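Line by line, the protein sequences give chains A and B.
Quick note: the first sequence, position 193, residue 193 per our numbering, numbers continuous.
Quick note: the second sequence, position 69, residue 69 per our numbering, numbers continuous.
Hints are computed from structural coordinates only; laboratory data are not their basis.
Hints should not be assumed to be uniformly reliable.
Stated by the list, open to error - Residues from chain A shown here face chain B by an in silico Cβ test under 7 Å; the list is partial:
no.: 1; residue: 2
no.: 2; residue: 148
no.: 3; residue: 183
no.: 4; residue: 187
These numbers come from a predicted model, not from an experiment.
All residues carry an ideal CB built from backbone N, CA and C; glycine is no exception.
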Amino acid sequence: MRIKTPVMRKNDDFARLVRNTLKQKEIFAFNIISSPGAGKTTLLEALAKRFGNDLAVIEGDVKTQRDALRIREAGCRAIQIETNGACHLDARAVKTALETLDIQGVKFLAIENVGNLICPSSYDLGEHIKIGMLSIPEGDDKVLKYPSLFSRIDLFLINKTDLAEHIEFDMDRAEKECRSLNPKVKTLRLSAKSGEGIDDLVRFLREREK
Amino acid sequence: MHELSLAEDMLGIIKSTLKKTRPITRVTVVLGPLSGVSPESLAFCFTETAKLRGFGSPELEIRTTRAGMKCTDCGNEWESADFTPGCPRCGSWNREILSGREFYMESIELEDADEDQNTGDAEE
């Protein structure tokens, strides 16, 4: 028998439910993806200090509650998903998390994906934008090595610019490679640690949220 | 990627399409080169998982498509087997990816040939 069913249908159905909830509550959601250690949580801590209770965070990790604890200490609501083995978050996990997380009055929802440059790229979580992040110590040649991710993101962040004087990283090259995968991608350079570029990110998110 | 869980998802779709678990002989999947899925890995995981889950020993036929690209500088359109940038006409890296991420199931063949029929409500 002939059918035409996308294999990701089950995930996409859940993503649609998430999207509907976010629309109803007028929340702008972003899915942040990077390697482990690129600085996602530190970046979200910086955003938590800026946005306070306007921001809520869904944290994804294989194990531990560490990241959600850090975010709460930084000043906003967070819930931790432990995948217990899965290498990426899926829409069903995000939908379940949204049922528990208090999102009253929230304007921004950050979904910090499991640290991984490969698998998270294919899973629509119901977000408005995907953010892909690469950090200075990782090397400027990674974008075309992971095209599945970098071709799908709306915003490309280069993090840890505070290390740029010590480590060779051609930021123009990485951004050019990213644009070759998606001409519409926006790019920002920042340091979650020093605060450089965070204002630009905040401005970008506030613009998109309108 | 994690072709094993994708194989399970495919069997779930087959089960809900057929309304039950039953032996199948062949499944066709359309896979774009930019989908991120490994065809060999998917075929292996699918046939092994199908056996374990009571679907018999189906063959997985994978129809690979080509990715459609368009140069945003000179307007040239071309087909590619991967993400490699560079317009074949002008060499520019400024391009749009038009297609190539497809990943959908196209047909299921059942063991009982006389029950193999077109469904009236093919899902998009």
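Hint-by-hint comparison with the structure:
1. 2: holds (5 Å)
2. 148: holds (4 Å)
3. 183: holds (6 Å)
4. 187: This interface hint is violated because 15 Å lies over the 7 Å limit.
Checked against the numbered hints above, the structure violates only hint 4.
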